[in-house]
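J.: Given the structure of chain A, go ahead and fit chain B onto it with the hints provided.
Protein chains in written order, with my numbering: chain A, 606 to 814; chain B, 457 to 559.
The reader is advised that the hints may include incorrect statements.
Said to hold, decoys possible - No farther apart than 30 Å at their CA atoms in a straight line, the calculated lysine-lysine pairs in the DSSO-like style are these:
no. : chain 1 : residue 1 : chain 2 : residue 2
1   : B       : Lys470    : A       : Lys812
2   : A       : Lys812    : A       : Lys724
3   : B       : Lys470    : A       : Lys631
As the list claims (entries may be wrong) - Residues from chain B shown here face chain A by an in silico Cβ test under 8 Å; the list is partial:
no. : residue
4   : Trp476
5   : Leu479
6   : Val481
7   : Glu486
8   : Gly497
9   : Met499
10  : Ser507
11  : Phe546
No lab work stands behind these hints, which were simulated from the structure alone. Ideal Cβ placement from N, Cα and C applies to all residues, glycine included.
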Amino acid sequence: MAEKAERLRFVEWGGGVSPFAVGSKKLGMWLFIVSDSLTFSGLLVGYSYVRIANERWPMPFEFWPTIVMATVMTFCLLSSSLTMALAVRASSLGDRAGVVRYIALTMLGGILFVLLHAKEWAGLIAEGVRLWENPWGVPLFGASFFTLTGLHMLHVISGVIYLGVIALGVSRGRFTHEDVEISGLYWHFVDLVWMFIFPLVYLLSVKMP
Amino acid sequence: METAHAGHVETGPKLYVLTWVWLLVLTAIEVTLAYFHLPVGLMLFLLMGLSIVKAALIMAHFMHLRFERLNLVVTLIPAMVLCITLLMVFFPDGVRALRLAVR
Numbered sequence: 606m607a608e609k610a611e612r613l614r615f616v617e618w619g620g621g622v623s624p625f626a627v628g629s630k631k632l633g634m635w636l637f638i639v640s641d642s643l644t645f646s647g648l649l650v651g652y653s654y655v656r657i658a659n660e661r662w663p664m665p666f667e668f669w670p671t672i673v674m675a676t677v678m679t680f681c682l683l684s685s686s687l688t689m690a691l692a693v694r695a696s697s698l699g700d701r702a703g704v705v706r707y708i709a710l711t712m713l714g715g716i717l718f719v720l721l722h723a724k725e726w727a728g729l730i731a732e733g734v735r736l737w738e739n740p741w742g743v744p745l746f747g748a749s750f751f752t753l754t755g756l757h758m759l760h761v762i763s764g765v766i767y768l769g770v771i772a773l774g775v776s777r778g779r780f781t782h783e784d785v786e787i788s789g790l791y792w793h794f795v796d797l798v799w800m801f802i803f804p805l806v807y808l809l810s811v812k813m814p
Numbered sequence: 457m458e459t460a461h462a463g464h465v466e467t468g469p470k471l472y473v474l475t476w477v478w479l480l481v482l483t484a485i486e487v488t489l490a491y492f493h494l495p496v497g498l499m500l501f502l503l504m505g506l507s508i509v510k511a512a513l514i515m516a517h518f519m520h521l522r523f524e525r526l527n528l529v530v531t532l533i534p535a536m537v538l539c540i541t542l543l544m545v546f547f548p549d550g551v552r553a554l555r556l557a558v559r
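Isolated chain A (complex conformation) (with noise of 0.2 Å):
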């Protein structure tokens, strides 16, 4: 322990070398990570103190669709985070077209997400919410719901378009191990957020039978 101390202040903080034995690129998304994850915490709390400040917030998702629907969208995220885990695997293992295969199945759990949240969008939208009104009271409902899941869409749909970016370079012969790696950072990145939201928005939300 002792000597585990001393070799972390003189060796890896000592100057010459890089104290988190990462890359630039990697440390970068990683400080992405933090400042995101910041912003989308912003937005929770936001979204939790108006929802504390209003005593009657709308509660009108139904186990089906809406709550069924959302659960298989966090497991088709979930689902696509494990293949891009596999993807990075592959990666480290050199074999490219393993990892071309890994992030088109990533993609297809990316596009499945999107879908079926584009589709419940367009019910609450055909059902009168809007982000200043719905039919069920506080007015706020409509747009922390639009804001947060939308934000959070945002971040899917350009994931899919970055993977498509690497998977397309990886299979031309570019880019290194490290940059499949913070591609699958990234990605994480967005499942892990969904994982909040989900408990936040729809959880806590769900119409008793």
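T.: Using the frame of chain A, we list chain B on its own:
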């Protein structure tokens, strides 16, 4: 390049599949929990607790943080957690707004 790979442990697909299964199980528990008639505070505590476990699983295994050097983890995570916690300074005001509301 040697130092860049020094902290990396070769992880088999087994760990990833196991993490995925656990994430699905925790999600199923969350969805079931949503249909229990619990006080909203307790519900929030349980759901957020489970979500934090899920986030930790994703960061540790999928995002490989468990296999990175400790320096990276202590640089990124505590600052992020502190900032998120500081955002919650607004919540008492939300409760106060409720008491002030016109009924």
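J.: Work down the list of hints and note, for each, if the structure agrees.
T.: Evaluated hints:
1. B:Lys470 / A:Lys812: violated (38 Å)
2. A:Lys812 / A:Lys724: Given that 30 Å is the threshold and the Cα spacing comes to 20 Å, the pair holds.
3. B:Lys470 / A:Lys631: Since the Cα atoms of Lys470 (chain B) and Lys631 (chain A) sit roughly 25 Å apart, the hinted pair holds (cutoff 30 Å).
4. Trp476: holds (4 Å)
5. Leu479: Leu479 (chain B) check passes; min Cβ-Cβ to chain A is 5 Å, inside 8 Å.
6. Val481: violated (11 Å)
7. Glu486: Holds, about 6 Å.
8. Gly497: With a closest approach of 11 Å, the Gly497 (chain B) hint is violated.
9. Met499: holds (7 Å)
10. Ser507: Holds: closest Cβ of chain A sits about 5 Å from Ser507 (chain B), inside 8 Å.
11. Phe546: This interface hint holds because 6 Å falls under the 8 Å limit.
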